[in-house]
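J.: Sequence:
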Amino acid sequence: MNKFIPTKMRDLTESKQRVMQNVVSEIENNSKRPKHQWRFVAVSFVLLMCTILFILNIKNELPSNKLQATSEQRFDLTKPSFIEERGILYLQGITLGDSHKKVIGVLGENYSIIQEEDSKADLIMDYDGQAKFYFDDDKLNSAVFMNVDKNYFNQVFKDYDGFKFFTFIYTDYDGHYFYSNETKQIIKAITGTSEGKFQLSLSYNDQNYLNAEYLYKIEQKLNNQQHSPSDIKIDLVNPTVFEEQGHLHLNGVTLGDSSSKVLERFGNDYLIGQVDGDSSDFVLNYDKQASFSFYEDKLLSVVLTKVDKDYFDQLFNDYEGFKFVSASSEDDKIRFIYSKKTNNIIKATTQTPNQELHLYLSNADPNLFENPNFLEAMEQYPD
2 MNKFIPTKMR
12 DLTESKQRVM
22 QNVVSEIENN
32 SKRPKHQWRF
42 VAVSFVLLMC
52 TILFILNIKN
62 ELPSNKLQAT
72 SEQRFDLTKP
82 SFIEERGILY
92 LQGITLGDSH
102 KKVIGVLGEN
112 YSIIQEEDSK
122 ADLIMDYDGQ
132 AKFYFDDDKL
142 NSAVFMNVDK
152 NYFNQVFKDY
162 DGFKFFTFIY
172 TDYDGHYFYS
182 NETKQIIKAI
192 TGTSEGKFQL
202 SLSYNDQNYL
212 NAEYLYKIEQ
222 KLNNQQHSPS
232 DIKIDLVNPT
242 VFEEQGHLHL
252 NGVTLGDSSS
262 KVLERFGNDY
272 LIGQVDGDSS
282 DFVLNYDKQA
292 SFSFYEDKLL
302 SVVLTKVDKD
312 YFDQLFNDYE
322 GFKFVSASSE
332 DDKIRFIYSK
342 KTNNIIKATT
352 QTPNQELHLY
362 LSNADPNLFE
372 NPNFLEAMEQ
382 YPD
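Per this note's numbering, the sequence shown starts with residue 2, numbered consecutively.
Fair warning: there could be bad hints in the mix.
When the alpha-carbon atoms are kept at most 30 Å apart in a straight line, the in silico DSS-like pairs for lysine-lysine are as follows [said to hold, decoys possible]:
| id | residue 1 | residue 2 |
| --- | --- | --- |
| 1 | K185 | K103 |
| 2 | K198 | K222 |
| 3 | K189 | K133 |
Calculated from the structure, these hints are not laboratory results.
Predicted model, so just to flag it, every value in this text is computed and none were measured.
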């Protein structure tokens, strides 16, 4: 047997190190693969759960046919929201024809069922004496908000650009209305008889009681007419007064003028209405400072409510036509300017409680001819 004895041993240290490094690298790579796959599965699961929860949340927020009671929400019924959509009037999101469940869905379950002797309603829901809802066959027929903030309503009324009108103009928005000619719904503002609280009521208009449709048609007619605004500045505090062919003129208008003539002189910034007990068909009021009453579209009377006293004193003293003073007392003097030819008369009187001077243009009342001061003036101003 031949034995081979190498003369020199080869150094394998470097080769062993390379083999060991490759083995370690392979082990590390194998250990990372399952760990990476576990993370991918975990992240995927989390994303899937988030997606499911997101979809469920969106579904819950979508409108539902089931009305959810909102008793936990708090509403200020002294300031009920008001909107009009397609002729439908809403107070606090509620309108006529709604069911009692709809009212509960909006205002919650903090109500009581009451009875009223003078009501024919099948059901009356009372929300703590702040609002009442009257139902016939489970359809809302009327609603009353019984303690409304008057200043709040004043601003709502001024800002509303839909159809509105009045029946009492000088009483802090008593007898003021929103009206929809499409649905015949009406909202009325008035001071209630109990405790003097300011109330808003939503109902259907009763044509036998209030001819809102007539006023609506009159305003539509006025809006459709073409008016050429006058360049003359109108001063309601210092009005002009003159006589022409027996007709007394107040700020350029006289009795018998049409509504178009008044709009040409005073503009379109008016509020239309009817005055209880007045013989006119309708009245145009300008910011509670000037009112024009019409019968068959002919000017029946004019009232100016904030005339400067010193200004009118001078105007009256300088007027050269028929005039006289009638005094019920030393402090209560009523001054008159009169036209024998047409029976037109302008009366100036101080009104309480603010002691504001009011001017009235109208035809003289027959009782005037029994006034001794008037009879005395007749002798001073012969024909």
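J.: Checking one constraint from the list: CA of K185 to CA of K103, max 30 Å. Satisfied?
T.: Roughly 21 Å separates the two Cα atoms, so the pair holds.
J.: For K189 and K133, compute the direct alpha-carbon distance and say whether it is at most 30 Å.
T.: Within the cut-off at roughly 15 Å; holds.
J.: Verify the proposed pairing of K198 with K222, using a straight-line Cα cut of 30 Å.
T.: violated, 36 Å
Comparing the model with each numbered hint stated earlier shows that hint 2 is the single one that does not hold.
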